[in-house]
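From first to last, the protein sequence lines are chains A and B.
For the first sequence, this note's numbering begins at 1 and goes up steadily by one.
For the second sequence, this note's numbering begins at 1 and goes up steadily by one.
Check before you lean on any hint, since a few could be wrong.
Claimed, not checked - Partial selection, computed: residues in chain A whose CB lies under 7 Å from chain B: (1) 8; (2) 23; (3) 24; (4) 26; (5) 34; (6) 62; (7) 261.
Stated by the list, open to error - Which stretches of chain B does chain A cover? Using the computed rule of at least three CB atoms under 8 Å from a CB of chain A, they are: (8) 13–20; (9) 97–107.
Unchecked claim - Quick list of in silico lysine-lysine cross-link-like pairs, DSSO-like style, CA-CA up to 30 Å: (10) A/93 - A/80; (11) B/33 - A/128; (12) A/336 - A/247; (13) A/223 - B/114; (14) A/112 - B/40; (15) B/5 - A/128; (16) A/145 - A/336; (17) A/223 - B/40.
The hints are simulated quantities; they were obtained by calculation from the structure and are not laboratory data.
We treat Cβ as the ideally placed atom computed from N, Cα and C, and that holds for glycine.
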Amino acid sequence: MYTPKMHLTDEEMAILRGEKGDTLAKVMETVVRFGDIFDAPKLVPVTHHEGHLVTSFGIGLLKPLFKTMDELIQDNLKTKGPFTLDPRPIDYKNVKCNLLEKLVFSKIMYSKQDMYEEQLMKVGLKNKNAFSCTCYLDEVGNIPKMGDILSWAESSAVVYANSVLGARCNRNSGMLDLFGSVLGKVPYFGLLTDEGRKATWCVELKTTKLPEAQILGSAIGMKVMEDVPYVIGLDKFLGHELNDETKAYLKDFGAASASNGAVGLYHIDKLTPEAKELGEKLITKDAKTYVIDDEEIERVYKSYPIMWKKPNKRGNLVFIGCPHLTYSQLINWTKKIEKGLNDVNKKKVNRRVIMTCAPDVKEKFMRSEYYPKLISFGVKLSSICPLMYTNNPITHSKRIMTNSNKLRTYSMARYYKDDDLLALITKGEK
Amino acid sequence: MKTFKGRVLAGGYFKGEAIVSHQGVNTLATFQKSALKNAKQVIASDQNNPDLYGKNITGLALCLPITIGSTTGGLVIQTVCSMGINPSCFLFSESIDSLAASGIVLAKVWNDSKVICIDKLGDEFLNTIKSGDQIEVKEDGSVTIL
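Work out the full structure: start from the sequences and follow the hints.
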């Protein structure tokens, strides 16, 4: 048996010894070994029992995942509360695929999707609508309170929960998210502690206008990597209240910082909850400084490599919504596309455009006056994970355009600023 | 010959070639393409990492500061370990990050992987070692550039 370094209660030790089954013992061993690496002194209870898992895709080669799920199910182990998880990889209705693509997706890439979703239901999946990276939106409803301890994964959800909601969660990996939710306990270290939430970088924003959220997040992520940044100067543009608009900005900003770097928590001066409460006391004495001005934003933007095989050719597929769009963002994009098309007397966008949002957000949006408009422009609305779609070796070669820095990082997609992308899909050449 | 000493997270003996990334290794971006193809070796596919991009890392000692990127990272490391196409060693100059730690622990506990992992080797280690160097890694966490 593994000898833990951290202090475990009698009950936890009994689990580790296998008194509640071999599988739960392995779950406990994994969590304890993980915590020991970071000198966690103990396990602490998860206080928000709705987990969020990152692994939503039934990729055939993830055999270790399916085997572990089987072991959990055989021992009748479930999460303490219902969990949400990342978006599904395929949506043939709204993201059309040709026969070959379907063959690759359904028979090769995601051949275990149905089986895996059955496994997920058995261990505690909330419902069939629970597939979104933006589980924390009101429509989806997996919303922790300030100070809650979580066992979540999905880098963009973790950084949002920590930074915008003030919950406490480490950057857990897939499987560790599930194990913490099954045990109802996680190791106490890092972003769960007051000390671990202090900023070791002070970012001074000196731009003349609000930077694109996805570029600012990318710049900070690439600079601070896994450290905690405290951003001064962003409130000048975003104000001091967390409303739909600022939360959407911070969602996209955080996702870029987490995927282009490894940021799990950021503080925005005078805006995010801990920064409002503690201010610059959150900045450590020896914090490093990173100044971002207009030139730096442009330098970072221009540093993104273009991975298309034929970079001078026209892009033929657009993904907007990684992370998934909020309800307000969907309305804003609908209005912007309408204006863009009206300006040039056109009725439809000039190439395939797919917007993605949570299933619950989509249902709400479909009841709004904007949905028929968006569809009439030729835009498709899906709840797919664009990243999973681009993992198909065939779709890999498509010239995908996106305003997502996360999608750019993990695929061959080319990054465009919002306004540039809008101009290209409404006014650009057909 | 120069020897560095780190903290052993998963011990073992290795003698062979090093491959070095001076920036954080994005696990998903680096491994996904080869893993999805069910390839016999990992050709690093992270376009943002010029140190590794396009190079084989299977069976080598991957020397890096930390890993970065998506929280699928740990599961990706476990998967490539279970497929037997992992780097033989992960040698971190800094303290290991939570995603890589998850991957190493998952591979050990659930797949009985023989992957070697040492962290806290220091900045000088990463400044000294070069891709292609022959190295020897011992059970006690010492890494010698031969």
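TODO: Starting from the hint list further up, note which numbers the structure goes against and sort them upward.
DONE: Result: hints 1, 2, 3, 8, 10, 13, 15, 16, 17 break, sorted rising.
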